[in-house]
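**Student:** As a plain string of letters, each chain reads:
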Amino acid sequence: RKEVEQDPGPFNVPEGATVAFNCTYSNSASQSFFWYRQDCRKEPKLLMSVYSSGNEDGRFTAQLNRASQYISLLIRDSKLSDSATYLCVVITGTASKLTFGTGTRLQVTL
Amino acid sequence: NAGVTQTPKFRILKIGQSMTLQCTQDMNHNYMYWYRQDPGMGLKLIYYSVGAGITDKGEVPNGYNVSRSTTEDFPLRLELAAPSQTSVYFCASSYSIGPGDNEKLFFGSGTQLSVL
Numbered sequence: 014r015k016e017v018e019q020d021p022g023p024f025n026v027p028e029g030a031t032v033a034f035n036c037t038y039s040n041s042a043s044q045s046f047f048w049y050r051q052d053c054r055k056e057p058k059l060l061m062s063v064y065s066s067g068n069e070d071g072r073f074t075a076q077l078n079r080a081s082q083y084i085s086l087l088i089r090d091s092k093l094s095d096s097a098t099y100l101c102v103v104i105t106g107t108a109s110k111l112t113f114g115t116g117t118r119l120q121v122t123l
Numbered sequence: 163n164a165g166v167t168q169t170p171k172f173r174i175l176k177i178g179q180s181m182t183l184q185c186t187q188d189m190n191h192n193y194m195y196w197y198r199q200d201p202g203m204g205l206k207l208i209y210y211s212v213g214a215g216i217t218d219k220g221e222v223p224n225g226y227n228v229s230r231s232t233t234e235d236f237p238l239r240l241e242l243a244a245p246s247q248t249s250v251y252f253c254a255s256s257y258s259i260g261p262g263d264n265e266k267l268f269f270g271s272g273t274q275l276s277v278l
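Residue numbers (the working numbering), protein chains in the order written: chain A, 14 to 123; chain B, 163 to 278.
Just so you know, these hints were derived from the structure itself, not from any lab. Watch out, some of these pointers could steer you wrong.
As the list claims (entries may be wrong) - Below, a list of computed lysine to any residue pairs in the SDA-like style, where the Cα atoms sit at most 20 Å apart:
(1) Lys266(B) with Ser85(A)
(2) Lys266(B) with Thr74(A)
(3) Lys171(B) with Pro245(B)
(4) Lys266(B) with Gln76(A)
(5) Lys266(B) with Ser65(A)
(6) Lys206(B) with Asn40(A)
(7) Lys110(A) with Lys266(B)
(8) Lys55(A) with Arg173(B)
(9) Lys206(B) with Ser45(A)
(10) Lys206(B) with Thr105(A)
(11) Lys58(A) with Ala164(B)
(12) Lys15(A) with Gly106(A)
(13) Lys55(A) with Thr248(B)
(14) Lys266(B) with Ser62(A)
(15) Lys15(A) with Pro201(B)
As the list claims (entries may be wrong) - Over the 12 Å line for every Cβ pair with chain B, so calculated as not near, a few chain A residues:
(16) Ser39
(17) Ser85
(18) Asp95
Quick reminder that beta carbons are idealized off the backbone N, C-alpha and C, glycines included.
The task is simple: from the sequences and hints, build the whole structure.
**Tutor:** So, in structure tokens, the structure goes:
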């Protein structure tokens with residue numbers, strides 16, 4: 014089992030739709046979780062941190078389920094500008110154990 | 163505030179050539195990282211550093227070397243370029259690793275390297 018696994022993409026959704034991505038992690042000792050956004054040929058940028066019970070930022074909601082070892086990202090009222098690849102990042106212990114998922118590609122269409 | 167600055171943005175190397183990818187950050191971050199990203203894949207850690215004078219191997223260190231003589235700079239050296247090193251390279255930094263916002267990674271804009 015991979016350390017961090019994400020929903021396979023691409024997700025093609027119409028503008029205004031609600032879409033959710035999941036990310037599972039294998040190590041129960043993992044302590045920190047993040048969602049990063051990566052546009053084509055660009056560097057990843059932090060979208061949201063996910064701690065304990067999760068958090069919300071505008072149209073974006075991130076949840077953490079420690080019992081089932083997954084995090085999720087919910088995007089409401091999708092915009093064309095949300096089209097990107099969303100990377101799940103899990104930190105377990107030290108600086109070297111910062112693991113990226115392979116990403117889920119989202120394409121929002123008219 | 164420039165953040166993380168990476169140079170060059172693009173480079174084509176011949177097999178066996180060497181080069182150094184430069185990375186500098188002005189945020190006084192302790193932690194710095196080098197990642198490579200192959201098409202359709204996640205980022206893989208090459209080397210990292212937790213402070214000046216300290217470096218350690220990541221997941222895919224073979225064929226690369228690093229140094230950290232100052233807090234600001236973390237260059238990545240390719241000694242004998244091979245086609246398998248064709249990839250996009252990202253440098254990143256963070257203040258620390260531990261609960262809280264200090265773990266946020268700030269990335270440079272990337273270097274697209276082709277070895278032919």
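**Student:** Against this structure, judge whether each hint is valid.
**Tutor:** Verification of the hints:
1. Lys266(B) with Ser85(A): Judged against 20 Å, a Cα distance of about 18 Å means the pair holds.
2. Lys266(B) with Thr74(A): With a Cα-Cα distance of about 18 Å, the restraint between Lys266(B) and Thr74(A) holds, given a limit of 20 Å.
3. Lys171(B) with Pro245(B): Holds. Lys171(B) to Pro245(B) sits at ~18 Å (cutoff 20 Å).
4. Lys266(B) with Gln76(A): holds, 18 Å
5. Lys266(B) with Ser65(A): Holds, at about 16 Å.
6. Lys206(B) with Asn40(A): holds, 18 Å
7. Lys110(A) with Lys266(B): Cα-Cα ~14 Å, so holds.
8. Lys55(A) with Arg173(B): holds, 16 Å
9. Lys206(B) with Ser45(A): Status holds; Cα separation ~18 Å.
10. Lys206(B) with Thr105(A): holds, 15 Å
11. Lys58(A) with Ala164(B): Holds, at roughly 15 Å.
12. Lys15(A) with Gly106(A): holds, 17 Å
13. Lys55(A) with Thr248(B): Answer holds: Lys55(A) to Thr248(B) is near 17 Å, not above 20 Å.
14. Lys266(B) with Ser62(A): holds, 8 Å
15. Lys15(A) with Pro201(B): holds, 18 Å
16. Ser39: Holds, because the least Cβ-Cβ distance between Ser39(A) and chain B comes to about 14 Å, which exceeds 12 Å.
17. Ser85: holds, 18 Å
18. Asp95: holds, 20 Å
Consistency with the previously given hints is maintained throughout, with no hint failing.
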